[in-house]
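Respectively, the protein sequence lines represent chains A and B. Numbered continuously in my numbering, the first sequence closes out at residue 226. Numbered continuously in my numbering, the second sequence closes out at residue 1565.
It is worth saying that the hints were derived from the structure and are not from the lab. Please note that the accuracy of each hint is not assured.
[To be verified] Straight-line Cα separation of at most 30 Å, DSBU-like style, residue types lysine-lysine; simulated pairs:
id	chain 1	residue 1	chain 2	residue 2
1	B	1454	A	218
2	A	50	B	1468
3	B	1372	B	1468
4	B	1468	A	170
5	A	115	B	1454
6	A	218	A	50
7	A	170	B	1454
8	B	1440	A	107
9	A	218	A	107
Every value quoted in this text rests on a predicted model; they were computed, and no experiment measured them.
Each chain, written out:
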Amino acid sequence: MKASINTLVGILVLSSSIFSGCAYMDANVDLQYQPDPGRKSPLSTIPPLVISINVEDQRGRGECCRVGVKKNAFGGITAWAKSNTALRQVVYDALKKELENNAHKVVDMKEDHQDVAINVGLKNYWTDYNSRFVEIEMIGTINADISMLNPADRTVLVSKPMTSTFHEGRQFVTEGAFESVLNGALVEFVRTFSREPGFVGALRAAAKDKVSRIVR
Amino acid sequence: MLYTRVVLERPDIKLLPFLVLFLYSCMATTGTTTSLSQTKLQEIKELGIVTTTNEEFSVRLSRHEKTNIGGALFGLVGAMVEAGTRSYADGKRETELSRYLDNYDVAKVLSERLYTHMESAKAFNVVKDVNTEVSKDLKGMGIDSALKVTVNEWGLRLCPDALAEQVQAIYNIHGKLLRLDDESVVWEHNELYLDGECRPFADFRSTQGLLQTVLSRAADSVAARIANDILFP
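Assemble the whole structure, with the sequences as input and the hints as a guide.
Shown next as structure tokens:
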């Protein structure tokens, strides 16, 4: 009896030290978007364009690669969730892959020949979580201001803010959970971008303009 | 007692709570709660569109301003009084602008836009804008799938980070695509659409027809967004 109590206490002490150690360690997450080659978006209905993408990280100073926090039972921050790749690069790569998956060419901003320039001001890329009765709800959010310009004369074709969120129910908030939710938010972000009628319309107008320039 | 006996005698039932918890652990709830597959999309030949709403035009301006002075100064009672005051202020704005709507039928406008976008895609043999949700009636019209859209909120909302009282059009939509043969839901999506075109609230008082124009343009964008989500799964 005494031995089994000692064993139980030992397990409890070991478990609390292991789990609290995890709670005080930063979660390092790999954020990336992989398009499905077989799945096309409305961007594929637009004749191929040459597009440049410029992403600016306009989040608060000092946020760097932070994308979430680990909290203790009192709501105090114990550690950070951090992206292994700079967030502006994550968003740039995601949009580039989506555009290329739909037959458009993405070039450097300094390239002379471009049909459309896309500017992205990243305002927020964050995950948070709330305790519910039987689960923890994790929410990943991306906010960005997106504008599309005619590179020749810098006319704004369209400009609007975009928000995408991804929710996931979990039993434990682990490093994998942060990564899953943040990547889910990135998928929603790309999906919203590629289906937003304002953006699709602006690219379609640019393609029409390109054809009329060639005909002339 | 009966429950206890059943649980003790059926070991598989004992596992049920753990199974529920396990399944709960990985349940994703996103804007699109049921994704449409390419196969299911190709099965749809005759599509009926029905849009409904039980909601009136709404203005959320005071309720979205980021202050909580009442709560900070007077605690819970202060917060409740402040919430009530904000709700009253928004209610006055709703009454004020509603007279510019002239019996604007938001469900009809959205349905017409959805019909236009779905029909022009040429993805289905037939697209019909219908005014019944009853499956039997829809089947009688030769429809095999129904796109049911519910408008949960529509109107104007405060623009975030705006310096003055600037508002934008908002639609909060729930959409569901059902196969009528087995009533299965093949696509389900919740959309909170903000059109991003912020303008001073006072413009809606001073410019004739602006409110209807802005709401209709946002309805067209929402409809196009829903159409894109369905047609490109």
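Does residue 1454 of chain B sit within 30 Å of residue 115 of chain A, going by the straight-line distance between their CA atoms? holds, 28 Å
Take a quick look at whether residue 170 of chain A and residue 1454 of chain B sit within 30 Å of each other, Cα to Cα. Given pair residue 170 of chain A, residue 1454 of chain B holds - Cα atoms ~29 Å apart, limit 30 Å.
Please work out if residue 1454 of chain B and residue 218 of chain A have their alpha carbons no farther apart than 30 Å. holds, 21 Å
Does residue 107 of chain A sit within 30 Å of residue 1440 of chain B, going by the straight-line distance between their CA atoms? violated, 38 Å
Check whether the Cα positions of residue 218 of chain A and residue 107 of chain A lie no farther apart than 30 Å. Roughly 23 Å separates the two Cα atoms, so the pair holds.
Take a quick look at whether residue 50 of chain A and residue 1468 of chain B sit within 30 Å of each other, Cα to Cα. violated, 35 Å
Starting from residue 218 of chain A, check that the Cα of residue 50 of chain A is at most 30 Å away, please. Distance ~21 Å between residue 218 of chain A and residue 50 of chain A Cα, so the pair holds.
Restraint check for residue 1372 of chain B with residue 1468 of chain B, where alpha carbons must lie at most 30 Å apart: The given pair, whose Cα atoms are some 21 Å apart, holds under the 30 Å limit.
Are the Cα positions of residue 1468 of chain B and residue 170 of chain A separated by 30 Å at most? Since the Cα atoms of residue 1468 of chain B and residue 170 of chain A sit roughly 42 Å apart, the hinted pair is violated (cutoff 30 Å).
In summary, the numbered hints that this structure violates are 2, 4, 8.
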